[in-house]
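Just need the whole structure built from these sequences, with the hints factored in.
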Amino acid sequence: MDCRKVKRLIDAYVAGELGADAAREVAAHLETCAQCRAQAAQYDGAASALRELAEESLTADYGFYRSLSKRLDRVDRARLAKSAPAVRWYFLGSVAAAAAAVLLLAFYVIPNLAYPPESLPPAGNAATVVGADAMSAESAPGRVVTVSNQENGNLLDLTRPGPFDESPFIYFPRQTRPASSYFQPQGYVKLEDYRRLEDRLKKVEARLEALEQGRYSDVSK
Amino acid sequence: MAQETRPGTGQGGDSRTLMERAVRGDRGAFDILVRNYANMVAGLAFRLLGSRDEALDCAQDAFVKAWENVERYDPKWSVATWLRRIVTNLALDRLRRRRAKADFPDGLEAVLKSSAEGPREAAERRERAETVRQLVSQLPEKYRVVLILRDMEGADISEIAQITDTNAATVRWRLHRARALFREKWSAWAGRER
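Going down the list, the sequences are from chains A and B.
Using this note's numbering, the letters of the first sequence correspond one by one to residues 1 to 221.
Using this note's numbering, the letters of the second sequence correspond one by one to residues 1 to 194.
Bear in mind the hints are in silico, worked out from the structure with no lab data behind them.
Bear in mind that the values here come from a model prediction, so they are computed numbers and not experimental data.
Check each hint, because a few of them may be wrong.
[Stated by the list, open to error] Taking lysine-lysine and the BS3-like style, the derived pairs with C-alpha atoms no more than 27 Å apart in a straight line are: (1) B:K185 / A:K7; (2) B:K142 / B:K65; (3) B:K65 / B:K76; (4) B:K76 / A:K5; (5) B:K185 / B:K142; (6) B:K142 / B:K76; (7) A:K82 / A:K5; (8) A:K82 / A:K70; (9) B:K65 / A:K82; (10) A:K7 / B:K142; (11) A:K70 / B:K65.
Following this line, the structure appears as structure tokens:
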């Protein structure tokens with residue numbers, strides 16, 4: 001390898017960027033050429049100075065992390081606030097859907113649940129209740145009838161105002177459609193089923209209230 | 001050193017996996033990345049800016065910006081390269097603003113003054129380091145960035161091309177010029193010292 005070629009490669013040689021073969025050739029030349037060796041020494045001095053500076057490190061301390069964490073928290077809060085309208089509409093939509101589902105269940109699905117055809121009352125008959133002696137309210141064809149039998153505390157009366165924490169149950173008019181297996185075949189709905197539904201509605205309402213009051217952390221609970 | 005915080009070598013698992021989780025909004029994963037790369041990011045900022053306090057501020061800015069734009073992270077980049085690019089751009093912005101305000105960081109005099117208090121050898125080393133930093137800071141920006149990334153940070157040519165938004169050939173040429181310019185300055189300074 002001649003001096004001209006070596007001079008072009010000294011830079012990379014000093015930086016350790018040459019391949020093994022080329023590096024060997026340059027090293028061999030430097031052993032025999034004082035002029036190139038002087039140039040390599042000059043290059044190496046500058047490169048060493050840079051390397052020395054590279055060894056200086058800057059260590060992030062506890063204060064750095066604490067301060068940075070606060071700044072990142074602010075980014076998170078800003079991001080959440082930005083997305084709040086979307087969250088609000090999402091939950092408002094959920095609430096509306098849940099309310100619609102409750103209304104549909106209360107005023108259409110449950111009243112239209114059918115008894116098995118063989119248990120249909122005679123035409124024109126107002127209604128049939130569970131336990132003839134339990135009936136205390138007036139009835140009309142196709143309407144809900146209230147029965148106040150304390151022994152039937154596991155059944156629910158949707159017509160009563162206030163919480164359903166007592167014994168009444170609901171009676172549904174007979175229809176000719178097949179009965180849903182989810183409900184009692186004679187048109188009653190289990191109190192525990194209704195309470196589950198009611199609890200869910202309360203939770204949705206609580207979330208809506210939290211949203212309206214800006215308590216976003218409570219919304220996700 | 002930068003090598004300690006290369007992808008996959010820090011705590012909390014592989015950097016790409018952590019980054020994937022961060023992109024999905026996992027702040028915990030991002031916090032681990034911060035721990036793994038804080039020294040690398042702060043070190044690069046320090047080499048570019050020459051001031052420790054400003055470098056730490058810049059490093060914080062870089063992580064905040066990274067978290068703000070985390071969903072725009074491109075998986076074809078390594079996490080280290082992505083962070084280096086962010087901190088490089090922020091540091092260069094600061095340098096431009098500083099130049100506009102003619103506001104210089106803690107200079108050579110300050111270092112020399114403080115160095116008188118320590119052991120002589122340490123003082124000499126600090127003086128030399130500060131001199132090198134000053135000489136590097138005198139290089140044109142495009143050469144300075146390439147020189148710092150390659151000869152101090154150990155980034156490879158393709159990574160530097162990504163960070164500086166150029167190609168490998170341009171990086172090689174700039175690196176060649178940067179080293180030559182630095183050598184000139186270094187030789188001149190060393191000649192004066194003798």
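Hints, one by one, checked against the model:
| no. | hint | result |
| --- | --- | --- |
| 1 | B:K185 / A:K7 | holds, 19 Å |
| 2 | B:K142 / B:K65 | holds, 23 Å |
| 3 | B:K65 / B:K76 | holds, 19 Å |
| 4 | B:K76 / A:K5 | violated, 38 Å |
| 5 | B:K185 / B:K142 | holds, 17 Å |
| 6 | B:K142 / B:K76 | holds, 24 Å |
| 7 | A:K82 / A:K5 | violated, 62 Å |
| 8 | A:K82 / A:K70 | holds, 18 Å |
| 9 | B:K65 / A:K82 | holds, 17 Å |
| 10 | A:K7 / B:K142 | holds, 25 Å |
| 11 | A:K70 / B:K65 | holds, 14 Å |
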